[in-house]
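J.: Given chain A's structure and the hints, the job is docking chain B onto it.
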Amino acid sequence: MAQLPNLDNASINLGAYRDHARKELVDALDSMRGKKVLVLDPKLSGPLALIVQIALLKEHGVENLYHLTPEPIHTDCKNVMYLVRPRPGLMKLIAGHVRHDNREKLQRQYAVYFMPRKTIACEKVLEDAGIFADVTLGEFPLDLLPFDEDVLSLELDAAYKELLVDGDRSCLYDVAKALWRLQAVFGTIPNVKGKGRAASHVADLMARMRREQPLPQIPPEIDTMVLIDRQVDMITPMCSQLTYEGLLDEFIHISNGSVEVDPTVMGQAANPKKIKIPLNSTDKLYRELRDLNFGVVGNILRQKATAMREDYKDLPQNQSVSQLKDFVKRLNILPEMTRHTNLAQHLTTFTTNPAFLSRLNIEQSMLEVRPEAPSEYIEEMIDKQEPLPSVLRLLCLLSLTCGGLPRKQFDFLRREILQSYGFEYTFTLNNLEKAGLLRRQDGRNTYPAVRRALKLVVEGQDDSNPTDISYTFSGYAPLSIRLIQQALQDRWKSMDELLRSLPGPHFEKTQALDADGTPVEHEAQSISVDRPDGQRSLVLVVFLGGVTSAEISALRFLSGQENSKHEFLAATTKLVTGTSLLQTLIDDDWRLRNNK
Amino acid sequence: MAISNSAEWNELYNRFYCKLEVYTMCWPSVDISKHVIACAKFGGPIATVRDSGKLLLLAAESTRPKVNIYSASGLALASFPWDKGKIVRMGWTDSEVLMCILEGGDIYQYSIHGTEAAKPFSLWHQVSEQVVEDCCFWGHSVVIRSSTHQLYMIPDLRDPSTVQLASPGLEDPPHSMAIIEPQFTVSGNLEVLLAVGTSVVVVDEETAQDQKLELGPLTRMAVSPNGNFLACFTFDGKLRVLSTDFTKNLSEVDLHTDTPPAQLVWCGTDSVLLYWAEEGELVMVGPYGDTIRYSYDEPLVLVPECDGVRLLSNSLMEILQRVPDSVVSIFGVGSTDPAALLFEAMEHFEKRSAKADENIRAIGPADLPAAVDACIDAAGHEFDVPQQKALLRAAAYGRAFCAKFPRDRFQEVCKVLRVLNAVRHYETGVPLTLQQFRLLTAPVLIARLVNANRHLLALEVSDWLGLSKEAVLRHWACAKIETSGDVAEEAILETIVSKLRTSATMSYAQIADTAHKMGRTQLAAMLLDYEPKAAEQVPLLIRMGEDERALAKAVDSGDTDLVYLAIFHLQKHVPEKELFRMIQAKPLARDLFVSWTRQNDPDALKKYFFTTGNPAAAAEVLVKESYQAALERSGRGSALTTPRIKILEQAIELYSQNKEYAFHAKMADEAAKLLKAQQELEISTRQDVFVDSSVSDSIRTCIAMGNHKAAQKLRVDFKVPDKRFYWLKIKALAHARDWDALDKFARERKPPVSYAAFAEACIEQGVNSEAIKYIGKITDLQARAEAFARIGMVNEAAEAATQAKDGELLNRLRSTFTSNTSAAAIIDTFRDKLSLPG
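Which chain is which? The protein sequence lines are A and B, in order.
Using the UniProt record's numbering, the first residue of the first sequence is number 1, and each one after it goes up by one.
Using the UniProt record's numbering, the first residue of the second sequence is number 1, and each one after it goes up by one.
Be aware that one or more of the hints could be misleading.
Just a few of them, taken from the derived set where beta-carbon distance is under 10 Å, the chain B residues facing chain A [what the hints assert, rightly or not]: (1) Thr505; (2) Leu562; (3) Val695; (4) Arg724; (5) Lys731.
SDA-like mimics (lysine to any residue), calculated; alpha carbons at most 20 Å apart, straight line [stated by the list, open to error]: (6) B:Lys719 to B:Ala662; (7) A:Lys124 to B:Asn600; (8) B:Lys533 to A:Arg181; (9) A:Lys434 to B:Pro615; (10) B:Lys533 to B:Ala552; (11) A:Lys434 to B:Pro587; (12) B:Lys499 to B:Ser468; (13) A:Lys384 to B:Glu764; (14) A:Lys118 to B:Ser595; (15) A:Lys434 to A:Arg415; (16) B:Lys533 to B:Thr502; (17) B:Lys606 to A:Asp166; (18) A:Lys78 to A:Leu106; (19) A:Lys35 to A:Arg108; (20) B:Lys572 to A:Gly130; (21) A:Lys434 to B:Ala617; (22) B:Lys606 to A:Asn430; (23) B:Lys719 to A:Arg415; (24) A:Lys408 to B:Ala665; (25) B:Lys713 to A:Gly422; (26) B:Lys533 to A:Arg208; (27) B:Lys86 to B:Ile37; (28) B:Lys773 to B:Arg737; (29) B:Lys34 to B:Leu102; (30) B:Lys586 to A:Asp166; (31) A:Lys408 to B:Asp722; (32) A:Lys384 to B:Arg790; (33) B:Lys480 to B:Leu459; (34) B:Lys572 to A:Asp128; (35) A:Lys384 to B:Asp738.
Hints were generated in silico from the structure; no laboratory data involved.
Yeah, the Cβ is synthetic: ideal placement off N, Cα and C, and Gly gets one too.
Isolated chain A (complex conformation):
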């Protein structure tokens, strides 16, 4: 069931943005004449499904689709087009294919398209493999994929790991280029704020690109851009998300805007083939439920069902056509009702599990820095050999909230992990240390001060009628979103010292042109975009290294507030959960290379 997200209600014209991407893909396909097969980087098929449907590929000569694996392609087609991320490992696979075909004397034409750009490293692999002359190379400059009317993602899986562990800033170049392109369409964003090292790199790159290739001068549609380096707030993704969408992602993994579940979950006959359910705002009911605390979702569904039953009962015998039409319209929501009742029911099996509840308790005590034995809890998880990502997530949260672990405990837990899961996880632990997620205690713990100043832990919230973003984690307000709230109240300056205690520099600038028309950046003086009265300003928040759906929900909550002056658009390198983020650190390169 391929269904593109509906973008008609977006605050900027993302539909046109998607159309443009589609056109570029078609151009790429057409560059190879005649019938062809398309070999896709497995990581790209999901993202591509967000912009095109298979029928369009067929119209442009694609006879068959394959995933790029070490297996050679078996086809009678003479033209083979690869569409890949610029990763050297994938080049080796392509080289394998070409050499295989040459041995078999299959005369084929090869084209390799890179998304979003061709890199020298990839060219080098092809050159070293001796097949550079056999392939034509091209670029498919698609970077930001519209996931929904207010969510854009580059879907760079390993961005966080590359930045923090490898020191490879390639993804930041891609981000800066993507933001440049976005501004070429929607105007130069006047206010730019940022926190964290990656944020400052992106701002520098953007300034440079603006000078190298000036942006077209069109009236800006977006007022402010806030760049947030994930490193600044790793606490939030380590916590369990408690919004409807967040829990769906945590337990059944939302991938490219949809989930796959067993047919039994949806009340259908058992079948090994999973059902794919798109989750975006095209589904009106989902739009209503996704950002709510899961605790209230059941009630709302129940209320709606009851209301519908009442409606049915009250249906007058001799109703007019317009009344009937009205009623039928309400019935239209029925499939969505069934869908979400089933999904919510399925989620309950996870959320009522005592293990999950005690985990929430432990998380809460860590966030409040209560000294109640969280480390023993973790120790027991290791003893029981529970899934490693789940263990590490809690361990990292402990380390982050305690400002590191005391040496003895640090060494003990690490040793327990290595003995339980295998010594090869040394690399994983090293990666966590390099990323600063797990460390030995030294110096002052800054978390308590941050928690107090930003009111991260909020007690006595009514999750069914929230007044604060802390409802997303039932009592914890995501640090990243708190920073954004502060930034928009123009109070970053007032909390300079506090910001200094979080990793990386912070800045507030305006992008402008000087008298000669040369692009320049000034120290911040907030500029507002001309808007009709009553229209709110549009803020683009860019999460460098990933964002969780609960954080996006928190942003939506903020724009949904009655007195809100802002509307938000979220962009990121990847939509993540704490677990998927940690998985990139666990899947070290040598493991990836061999376990495909």
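T.: Then chain B, alone, in the frame of chain A:
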């Protein structure tokens, strides 16, 4: 001579054609009949070389053949001696590069300045017995017919490669050959038409299809400029026009001669020109068989353009084209068209005659805008400047009486006319018509002017039409450097920068590259500093050998791709030590190098860490290698553990050099110890299930095998904490369903873990009856309640929860059992108890 002179028009059925003399050729007596001639389209240059097949009076020219290049007006542009062999044909590409196709299959390419534009390319890579017989050019491509009747295509001469088309399977040479350019075919591929027998064979890359016609032999063929029609001259003197899909026979005219014409070309899309050289006769045939005959006492070369034909003779360059409708409407004999009235009105007005007003009234306000438009259009087509002015004056006069007339239409034509008049001047010699200019586009025209080194004109045209001047300035700067002789570098820099500074986004890299190629390295470096784009700077710095600066600029740019470019270059060209030193100082370069080598070249990475004094990092690479070895072997087995242990031992030694890495050293040591122990276990148990499992896994495996002694040994050797050991043993025993042993284990001593662990292990195996034994022993009431709840013992669960006074837990239990009404009722009773204290 003016198009508007209707006395010079010739009528062909219902339309008029006129022949316009544009230039008197200023070349010194060239006899085009004795030369191979190539004229570029869109009024481009002319190349000539003596036709070695034709006799020549010795006195007329030197015997040594020369290729001469002239402008369309006959001004000499370049000349170079020719000694490379027999030229079959010459042609021009769309970017005005001259292609010389030699009999032997070699292709030479020259710029209009006579310099080699590309390396010679050979059609057949090895020596071949075939020779080139004929060829057709289009775009940047050429298709060649060989003496063995095979067809070879070069799709793009800028990057030449040969593609052989399907074999037409001929034994005798075809009577004639023509092509349908790819943009006009359904398939999007080139189609070659060969006249064979009485029919035509259509050849493309895949197939050769006989169209089974009975018209021929066709001794001449020509495809119309829009690709829709094929004109062919048959053996019996008829001119036939077919549609190019061969489904329609559009016209047939008998020309009463069986001598095939020397040339057959289309004039626009609705008439065809045939030229017989011997007779000096040029015949134009219209769609209804009407003809116009011209006779010439000079040899002719016909150059088809999109809207007409240029006629090149020894002394003249003429244009033969259809008179545009607007011109006919104004100047047609006895025309009473509103446009004609308007033009007349203007003439009256200038003579201060009141008839002007009469004419305007006669046109009426409804027809006036169209009349103005016709005058503007006619002016655009006109070559004669006074006549252009007269027409524009008429338009301006008429416009004054129009309520609304688009301003830009008038301005646009004036602008374009200025450009056209400038380039038509014989010194520039580009006789473009308005229609050709629109098709060619202004940027291409500018590029052509630049290519001809007419920078000032190009710059003025760009400025005049409001186009970017950067490309022109850049080309000028490059040309300046190339011709600078021994002028001082600073002086050149000053000249160039003073002219180019006006443009903020100007790219200097190409100019610097030119300087570098001319051996002016210092100038190149100075110019490069002005380049705003790092992506342009870095590659050039590398070419200039400025390695370290290239790396620095790449790192500054933040573009990782450029950093890789610099690193890969350094890897190839500087000693390793030098490379390490350079990247060590630049964190981004260092990290990228490490990241790259970690995946692609671990040996280089180790070397780097050793050289730069980072033994711990090198140790990590080694540890990885030891696991790498594990993954590379097929299946589990112990044969390879010894070398792996050796690698680990090296790592341990490296880790030990730094106290900070004591933990890592210890872990590597344990890993090695584990491998040894596992290998021994595999030998003693004869089962290869141990290697590469964790300590915990190994213990569990031992217990599951009943080998408690081995499990105990592992526990002691690896100092496994009691708690963990208990968990492992409980799970292993439960998994083996050895309930007695589990029971015994629980009684061994007071376990360091909760009895919940025992209960949980039983429940996981689905044996609740065993679980109950342990649940009762759980001291923590909440845990006990939850355990009871898990096996569905509601009453006991609720009781325990009540004892714990945990209302929240009760609520939760209630929600777990919502579907079970009796259970819910039980919980409710307990809930009531709890809410009533005492």
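J.: Do the alpha carbons of Lys533 (chain B) and Arg208 (chain A) lie within 20 Å of each other, as the hint requires?
T.: holds, 9 Å
J.: Holds or violated: Lys719 (chain B) with Ala662 (chain B), Cα cutoff 20 Å?
T.: holds, 17 Å
J.: Holds or violated: are the alpha carbons of Lys480 (chain B) and Leu459 (chain B) at most 20 Å from each other?
T.: holds, 15 Å
J.: For the hint on Val695 (chain B), does the least C-beta distance to chain A fall short of 10 Å?
T.: Check passed: Cβ of Val695 (chain B) comes within 4 Å of chain A, closer than 10 Å.
J.: Do the alpha carbons of Lys606 (chain B) and Asn430 (chain A) lie within 20 Å of each other, as the hint requires?
T.: Holds, because 18 Å separates the two Cα atoms, which is no more than 20 Å.
J.: Holds or violated: Lys78 (chain A) and Leu106 (chain A), Cα atoms, limit 20 Å.
T.: holds, 8 Å
J.: Lys719 (chain B) and Arg415 (chain A): Cα distance at most 20 Å?
T.: holds, 11 Å
J.: So if I understand the rule, the pair passes when the alpha-carbon distance is 20 Å or less; does Lys713 (chain B) with Gly422 (chain A) pass?
T.: Given that 20 Å is the threshold and the Cα spacing comes to 18 Å, the pair holds.
J.: Is it true that the CA of Lys572 (chain B) sits at most 20 Å from the CA of Gly130 (chain A)?
T.: Since the Cα atoms of Lys572 (chain B) and Gly130 (chain A) sit roughly 17 Å apart, the hinted pair holds (cutoff 20 Å).
J.: Against the 20 Å threshold, does the CA-CA distance of Lys384 (chain A) and Asp738 (chain B) hold or violate the hint?
T.: Holds - the C-alpha atoms of Asp738 (chain B) and Lys384 (chain A) are around 19 Å apart, at most 20 Å.
J.: Are the Cα positions of Lys773 (chain B) and Arg737 (chain B) separated by 20 Å at most?
T.: It holds: about 15 Å lies between the C-alpha atoms, which stays within 20 Å.
J.: Holds or violated: Lys572 (chain B) and Asp128 (chain A), Cα atoms, limit 20 Å.
T.: Measuring from Cα to Cα gives roughly 12 Å; hence the hint holds.
When the structure is compared with the earlier hints, no violation turns up for any of them.
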